[in-house]
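Student: Chain V: place on chain D using the hints.
2 protein chains.
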Amino acid sequence: MKPTEHGLLIAALGGVNEIGKNMYFIQYKDDIVVIDCGSKFPTENLPGIDLIVPDIAYLLENQEKVRALIVTHGHEDHIGGIPYLLKQLNLPVYASKLTLGLIKIKLKEHGLLREAQLHTISADSAMQAGEINATFFSINHSIPDCLGICFQTPEGTVVHTGDFKFDMSPVSGPYPDLHRMAEIGKQGVKVLLSESTNAERPGFTPSERQVGEHLLDAFIRAKQQVFVSTFASNVNRVQQVIDAAVETGRKLVLLGRSMVNVVNVSMELGYLQIPDGLLIEPEESERYPADQIAVLCTGSQGEPMAALSRLASSKHPKIEILPGDTVIIAAGPIPGNERNLAHVIDNLYVLGAKVIYGSGSATGMHVSGHGSQEELKLMLTLMKPEYLIPVHGEFRMLYQHRLLAESVGVPSDHVFIVNNGDAVRIEDGKASLGPKVPAGNSFVDGIGIGEVGNIVLRDRRHLSSDGMIIIVTTLSKSEKTMLADPEVISRGFVFVRESEELMNQIRELVLSTMNGLNEAERSQWSDIKQTLKDNIGRFIYSQTKKRPMILPIVIEV
Amino acid sequence: MKPTEHGLLIAALGGVNEIGKNMYFIQYKDDIVVIDCGSKFPTENLPGIDLIVPDIAYLLENQEKVRALIVTHGHEDHIGGIPYLLKQLNLPVYASKLTLGLIKIKLKEHGLLREAQLHTISADSAMQAGEINATFFSINHSIPDCLGICFQTPEGTVVHTGDFKFDMSPVSGPYPDLHRMAEIGKQGVKVLLSESTNAERPGFTPSERQVGEHLLDAFIRAKQQVFVSTFASNVNRVQQVIDAAVETGRKLVLLGRSMVNVVNVSMELGYLQIPDGLLIEPEESERYPADQIAVLCTGSQGEPMAALSRLASSKHPKIEILPGDTVIIAAGPIPGNERNLAHVIDNLYVLGAKVIYGSGSATGMHVSGHGSQEELKLMLTLMKPEYLIPVHGEFRMLYQHRLLAESVGVPSDHVFIVNNGDAVRIEDGKASLGPKVPAGNSFVDGIGIGEVGNIVLRDRRHLSSDGMIIIVTTLSKSEKTMLADPEVISRGFVFVRESEELMNQIRELVLSTMNGLNEAERSQWSDIKQTLKDNIGRFIYSQTKKRPMILPIVIEV
Numbered sequence: 001m002k003p004t005e006h007g008l009l010i011a012a013l014g015g016v017n018e019i020g021k022n023m024y025f026i027q028y029k030d031d032i033v034v035i036d037c038g039s040k041f042p043t044e045n046l047p048g049i050d051l052i053v054p055d056i057a058y059l060l061e062n063q064e065k066v067r068a069l070i071v072t073h074g075h076e077d078h079i080g081g082i083p084y085l086l087k088q089l090n091l092p093v094y095a096s097k098l099t100l101g102l103i104k105i106k107l108k109e110h111g112l113l114r115e116a117q118l119h120t121i122s123a124d125s126a127m128q129a130g131e132i133n134a135t136f137f138s139i140n141h142s143i144p145d146c147l148g149i150c151f152q153t154p155e156g157t158v159v160h161t162g163d164f165k166f167d168m169s170p171v172s173g174p175y176p177d178l179h180r181m182a183e184i185g186k187q188g189v190k191v192l193l194s195e196s197t198n199a200e201r202p203g204f205t206p207s208e209r210q211v212g213e214h215l216l217d218a219f220i221r222a223k224q225q226v227f228v229s230t231f232a233s234n235v236n237r238v239q240q241v242i243d244a245a246v247e248t249g250r251k252l253v254l255l256g257r258s259m260v261n262v263v264n265v266s267m268e269l270g271y272l273q274i275p276d277g278l279l280i281e282p283e284e285s286e287r288y289p290a291d292q293i294a295v296l297c298t299g300s301q302g303e304p305m306a307a308l309s310r311l312a313s314s315k316h317p318k319i320e321i322l323p324g325d326t327v328i329i330a331a332g333p334i335p336g337n338e339r340n341l342a343h344v345i346d347n348l349y350v351l352g353a354k355v356i357y358g359s360g361s362a363t364g365m366h367v368s369g370h371g372s373q374e375e376l377k378l379m380l381t382l383m384k385p386e387y388l389i390p391v392h393g394e395f396r397m398l399y400q401h402r403l404l405a406e407s408v409g410v411p412s413d414h415v416f417i418v419n420n421g422d423a424v425r426i427e428d429g430k431a432s433l434g435p436k437v438p439a440g441n442s443f444v445d446g447i448g449i450g451e452v453g454n455i456v457l458r459d460r461r462h463l464s465s466d467g468m469i470i471i472v473t474t475l476s477k478s479e480k481t482m483l484a485d486p487e488v489i490s491r492g493f494v495f496v497r498e499s500e501e502l503m504n505q506i507r508e509l510v511l512s513t514m515n516g517l518n519e520a521e522r523s524q525w526s527d528i529k530q531t532l533k534d535n536i537g538r539f540i541y542s543q544t545k546k547r548p549m550i551l552p553i554v555i556e557v
Numbered sequence: 001m002k003p004t005e006h007g008l009l010i011a012a013l014g015g016v017n018e019i020g021k022n023m024y025f026i027q028y029k030d031d032i033v034v035i036d037c038g039s040k041f042p043t044e045n046l047p048g049i050d051l052i053v054p055d056i057a058y059l060l061e062n063q064e065k066v067r068a069l070i071v072t073h074g075h076e077d078h079i080g081g082i083p084y085l086l087k088q089l090n091l092p093v094y095a096s097k098l099t100l101g102l103i104k105i106k107l108k109e110h111g112l113l114r115e116a117q118l119h120t121i122s123a124d125s126a127m128q129a130g131e132i133n134a135t136f137f138s139i140n141h142s143i144p145d146c147l148g149i150c151f152q153t154p155e156g157t158v159v160h161t162g163d164f165k166f167d168m169s170p171v172s173g174p175y176p177d178l179h180r181m182a183e184i185g186k187q188g189v190k191v192l193l194s195e196s197t198n199a200e201r202p203g204f205t206p207s208e209r210q211v212g213e214h215l216l217d218a219f220i221r222a223k224q225q226v227f228v229s230t231f232a233s234n235v236n237r238v239q240q241v242i243d244a245a246v247e248t249g250r251k252l253v254l255l256g257r258s259m260v261n262v263v264n265v266s267m268e269l270g271y272l273q274i275p276d277g278l279l280i281e282p283e284e285s286e287r288y289p290a291d292q293i294a295v296l297c298t299g300s301q302g303e304p305m306a307a308l309s310r311l312a313s314s315k316h317p318k319i320e321i322l323p324g325d326t327v328i329i330a331a332g333p334i335p336g337n338e339r340n341l342a343h344v345i346d347n348l349y350v351l352g353a354k355v356i357y358g359s360g361s362a363t364g365m366h367v368s369g370h371g372s373q374e375e376l377k378l379m380l381t382l383m384k385p386e387y388l389i390p391v392h393g394e395f396r397m398l399y400q401h402r403l404l405a406e407s408v409g410v411p412s413d414h415v416f417i418v419n420n421g422d423a424v425r426i427e428d429g430k431a432s433l434g435p436k437v438p439a440g441n442s443f444v445d446g447i448g449i450g451e452v453g454n455i456v457l458r459d460r461r462h463l464s465s466d467g468m469i470i471i472v473t474t475l476s477k478s479e480k481t482m483l484a485d486p487e488v489i490s491r492g493f494v495f496v497r498e499s500e501e502l503m504n505q506i507r508e509l510v511l512s513t514m515n516g517l518n519e520a521e522r523s524q525w526s527d528i529k530q531t532l533k534d535n536i537g538r539f540i541y542s543q544t545k546k547r548p549m550i551l552p553i554v555i556e557v
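In order, the protein sequence lines correspond to chains D and V.
full-length UniProt numbering applies: residue 1 is where the first sequence begins, and numbers increase by one.
full-length UniProt numbering applies: residue 1 is where the second sequence begins, and numbers increase by one.
Same chains, same names: a pair is fine if it fits in one copy or spans any two.
Simulated crosslink set (DSS-like; lysine-lysine; CA at most 27 Å straight-line):
#1 K354 / K377
#2 K529 / K477
#3 K315 / K251
#4 K104 / K546
#5 K546 / K533
#6 K104 / K65
#7 K65 / K430
#8 K545 / K104
#9 K108 / K97
#10 K430 / K384
#11 K546 / K315
Think of the hints as simulated: they come from the structure by calculation, not from any bench.
As the structure is a computational prediction, the values presented were derived from the model and not from experiment.
Same shape as in the complex, but just chain D (with noise of 0.2 Å):
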């Protein structure tokens, strides 16, 4: 595959036409850069799988070409993926400071740290791969230390503004920088790439600031032990919860694999500010009075393995919540996750505590990291891109974004909504769609990655939706008689002690059905087994409305 014998190619790898899995690409002549490398969570018809990443095919058919992955924040759907990269290709990676420090927690994890060509960079570093030189600006995000990237190649100026929402007044890290911005759009820029999350959504996404005020009211109000769940990544949240602690006079306890580590990480690296003395362990907490108990925990998708979720079925060893506590929930809910924190949420309301919940911003105790419609005209406007692609979001928050950049005057023309695998050219100062490159999702499951196909996922579903019938036949290799009865096994499928009498009529269908067949029909295994799926299958589809998965298996001795 030669897709750039000419110009210059922005692909996308992951992260259009969907939320996770971010990575992006941009290629001049024989220089390879890639941006991001996320993993997002499986949705329920892909059962069994752990994780999803990008495939990475391209990448390693042309592994000569890539010369970095450059990494925007280190938020799961950006860094997710890297372990699995690099245990395939091994190059080198930039990310700022904090970003690279939750990168190294995965490559320890997986082993790959020591091997790891890691390099710190910031808004003030430069690097090279060929002819593409990129520089960096700093960014507003939920997680301190985010950059965007300005990519400078003989084809003109791409940028990538990674996740951003203009926060005028941030919790910690830098202010967003406007001036750099401007100054990158004045100089003119061919290919604006802008994440899309919010471009649903009207106005100015609020200040993170203003959760603090709302934590800090509800910490004075509580007579008991507070506990706070949050995402670990949204580290400024993370900071503001350490403040109203700090404020209240209460000691912190944290809950959660993931909390701890981000915590770790960022405090080490000086991205959160935590007083000596104030983070205590969680079989601390009995020796405090409960006004002066705080908790930080993970769980506020109510995922069920997490700690909330724990804490509100009072399964958690170390820590009860106890009548009269408080819970704040200061997280949204992504799609698909609303019926597990609603269940965590119920269960929180039985042990009595008092619990702030509510979907969006309704309790103050959560606002979006992702900049709305006015910041993403925001961008636009201090940009001023010749074409814009817009990425990171699904199919209609990508065509908003395009109806929002009509509006600042980007022709329709020059927005390409694009797919993942779907290259844009740019060539003689023109951008047009190129070449499609493979892209796709790798399936992790287990400690593999990517023998999952499709075939053993449409057998999952069907396993899982009316189960499986197994029938063994023993056949003599001689004579092709039957040498025993058939035997008939079910799994999944209908309670055996309650079905009793379809499971005997299926064993006299098997025997019917065998005793039926001639000795030549016999011979043939895959007739055997045709024709013993057909009948069993109607009959069983006859008697129950039902499709169970029918294995015969042939035996010859």
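Tutor: Okay, now just chain V, sitting in the frame of chain D:
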């Protein structure tokens, strides 16, 4: 079981701590009257289950006492379980004209219509069962012909609200009968059972009429075909779509089996006003220009098999959505359906449609059919109940309903938050938590009911997450020697072609395990099976970190 030797019993068989499958009963001495019999859809942790209906063991045990089923209105969560109930207990059914019409559709599908004992009631009716007297009152909801129930018993008056809002300008059907409710309240209500769906929502739910105005605006602006998707059972909204079509000179196509059924029944019974010639068949639509066509379809929740989903993926055989068409989602997503619906909206945008959607009332195209906090307080103020049993809601909704009751003067310990199966006993004027009755979920799977037990569901979940491995070994009856190489077959585990080595290793381990057993061990099938399960399971986990179901089968010949 003799739970009512004394006093009056009020119990929930379904509908509390859940949304769905409402079913309650009241019992005085030897007379039981049942209220509603709904169904609900399973969540994804119940693979293969089609429907959930209430467990009616208590009614079957006491069938000589069960006098009647009264149905408050025609929604699935109040009528969906009726066929499964009547199959086991053919009791007389009392409901309003429209409600009965919708019940008849179900009974016909189940072949139960001929034997059913159906009685039409209205706000003016009265019925009697032993010492229980029932009268009814008109109430508003998103479907016409809804009734609240007022039971007079020797232990006092018990009121069941049914589902309600206070829509003072209803689209069709009578106004909420405030005067009758005031009268009931004035005469004294011992216990109120009131619905809690929107107990978390502040304020007053807007009138359904507001949706009509937004629909008409959108119809007027649309230059091509207009598609509206809503619940078929939201008959009031259906009327407003009809009105908008009439007003803008469009013909109306109905898509979706339940839409056609509900519209036909409602029209026949006089609950929908449809001018002659308005409705056309899907295939006739080609004869009209695009701006004279409107389509009313099912699928507002993104259900993959419903009309809207098929239209969005261009799989509908008779009608096509073209670029520039308008699609209106006139419904709010039920928690858990957000992902499916988002996927449908994405597909509609890909087709070039203009999509009007949005959560809750953001677009004006949806208002709830359930009263918000101020309306629940209005009901409590009208009825002035001595005791409240909040029903029809998950725990946090029941809990919020209790807080609302307290705010209007009902003492906290006069509010009973109950579980399905809890009974409240009224005796000598005092209410207390009474005996437990059996209650729970009955699963409908295929055409059977109840035969899917927990073991089957556990198996299905296991199969769906990690797949299965079947090991067949053949022994000689006499010497217990192996007569053929063991067969190892996997389904839903790993993609065999890519994992040949692993499968070979498993085969060898089976062989060596079998060879390692002596004759005595081989005579005990259970030993063989357990040893195979242990060895193979351990090996597979060490290699893959997965735990497929392992199913050893021993054949003796």
